[in-house]
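Residue strings, one per chain:
Protein chains: 2
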Amino acid sequence: MAEAEAAERRVLVAVDESEESMHALSWCLKNIISDKFSDTLLLLYVKPPRAVSTALDGTGTRCYTEAFLFSSDVMLAIEKYGNEVADCVMEKAKKLCSELADVKVETRIENGDARDVICQMADKLGADLLVMGSHGYGLIKRAFLGSVSNHCAQNAKCPVMIVKKPKSTSNSH
Amino acid sequence: MAEAEAAERRVLVAVDESEESMHALSWCLKNIISDKFSDTLLLLYVKPPRAVSTALDGTGTRCYTEAFLFSSDVMLAIEKYGNEVADCVMEKAKKLCSELADVKVETRIENGDARDVICQMADKLGADLLVMGSHGYGLIKRAFLGSVSNHCAQNAKCPVMIVKKPKSTSNSH
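For the protein sequence lines, the chains are A and B, in the order given. The first sequence begins at 1 in our numbering and counts up by one. The second sequence begins at 174 in our numbering and counts up by one.
These aren't lab readings, by the way, just hints derived from the structure by calculation. Keep in mind that the hints are not guaranteed to be accurate.
Here are the simulated DSS-like cross-link-like pairs (lysine-lysine), alpha carbons at most 27 angstroms apart as the crow flies [said to hold, decoys possible]:
1. Lys330(B) / Lys124(A)
2. Lys104(A) / Lys297(B)
3. Lys330(B) / Lys157(A)
4. Lys95(A) / Lys340(B)
5. Lys124(A) / Lys203(B)
6. Lys36(A) / Lys277(B)
7. Lys297(B) / Lys167(A)
8. Lys267(B) / Lys330(B)
9. Lys203(B) / Lys253(B)
10. Lys330(B) / Lys209(B)
11. Lys80(A) / Lys95(A)
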């Protein structure tokens with residue numbers, strides 16, 4: 001699968017709400033996607049597991065609250081919010097793709113722990129390459145679970161490209 | 174630096190004695206190096222620090238012995254052996270480059286802890302991308318120090334590409 005001298009490559013990019021993930025996508029479009037191959041770009045967004053609320057923010061101070069503390073109305077609102085975030089991220093990502101490269105794009109939105117889901121989907125979708133930003137969790141969760149990119153670099157079967165957003169550039173994508 | 178839409182990219186590939194590192198180089202030559210850019214491929218081999226003997230083997234059962242236990246003759250022999258290994262790895266890597274791509278190649282051999290030296294050299298040499306295999310230490314040392322690729326993915330300033338050798342292919346480069 002990794003021996004992609006063949007005509008077609010499937011490049012999986014894990015996207016999320018972060019600037020860094022859009023930077024990783026942008027870097028991939030400029031540096032990896034090539035006319036030499038018939039590339040297909042697979043955009044993957046992973047929503048957190050339903051029992052965990054991450055509705056509050058994405059800056060490392062997320063509140064993790066068990067589902068049973070909420071009424072079903074609140075849960076529905078959170079679910080709706082989660083779907084809107086997912087759609088918004090995907091729209092932004094697709095726009096970037098159309099601006100930066102002439103490439104076939106497919107999108108997938110999945111539920112679960114990003115670390116596991118990304119590795120599973122890389123396998124399931126037959127990715128020749130996985131591209132992602134270097135974080136993907138807030139500081140607190142990362143301290144307990146380790147970074148998503150580290151996990152994927154170790155566990156994904158295909159090559160993994162980790163793209164950090166340079167600190168000095170604020171308008172790099 | 175990572176915004177490599179410009180005409181020239183500097184791609185640093187960390188090579189060592191492992192099959193996996195040659196696979197990573199091969200993958201890079203086939204998938205990253207492109208006529209679209211004036212790429213320069215920088216091959217980096219890092220010899221272990223001089224005070225540590227890694228002369229015995231590279232399978233994860235390396236013996237770490239303080240330099241002062243050896244006579245200077247033995248140390249010279251170990252040093253010579255280390256240089257021969259470095260030259261041999263570089264020759265193999267350069268051969269692969271000439272076989273797989275038409276790309277300008279530069280080589281560097283450095284001394285020190287691979288984890289630090291690779292990150293430092295990526296910075297110093299102005300790398301737009303760092304490519305490496307997914308291990309780089311034997312099992313025992315990795316348990317204490319963590320993997321080289323994890324460290325570099327977290328600490329290198331440029332994007333990092335980690336290429337695992339597929340278990341199923343024995344002749345993939």
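Status of each hint after checking the structure:
1. The suggested pairing of Lys330(B) with Lys124(A) is violated, with an alpha-carbon distance near 31 angstroms, which exceeds 27 angstroms.
2. Pair hint Lys104(A) plus Lys297(B) does not hold up; C-alpha atoms about 37 angstroms apart against a cutoff of 27 angstroms.
3. Proposed proximity of Lys330(B) and Lys157(A) is supported: the alpha carbons are some 24 angstroms apart, at most 27 angstroms.
4. Distance check on the hinted pair: Lys95(A) and Lys340(B) sit about 37 angstroms apart at the alpha-carbon level, beyond 27 angstroms; violated.
5. Between the alpha carbons of Lys124(A) and Lys203(B) the distance comes to roughly 23 angstroms, so the proposed pair stays at or under 27 angstroms and holds.
6. This hinted pair checks out: Lys36(A) and Lys277(B) have alpha carbons roughly 19 angstroms apart, not beyond 27 angstroms.
7. For the proposed pair Lys297(B) and Lys167(A), the alpha carbon gap of about 17 angstroms is at most 27 angstroms, so the pair holds.
8. A hinted pair counts as satisfied when its Cα atoms are at most 27 angstroms apart, and Lys267(B) with Lys330(B) qualifies at roughly 26 angstroms.
9. Distance restraint check for Lys203(B) and Lys253(B): the Cα-Cα separation of roughly 34 angstroms exceeds the 27 angstroms cut-off, and the hinted pair is therefore not satisfied.
10. A distance of roughly 24 angstroms separates the Cα atoms of Lys330(B) and Lys209(B); the hinted pair therefore holds under the 27 angstroms criterion.
11. A threshold of 27 angstroms between alpha carbons decides the hint, and for Lys80(A) with Lys95(A) the separation of about 23 angstroms falls inside it, so the pair holds.
Comparing the model with each numbered hint stated earlier shows that hints 1, 2, 4, 9 do not hold.
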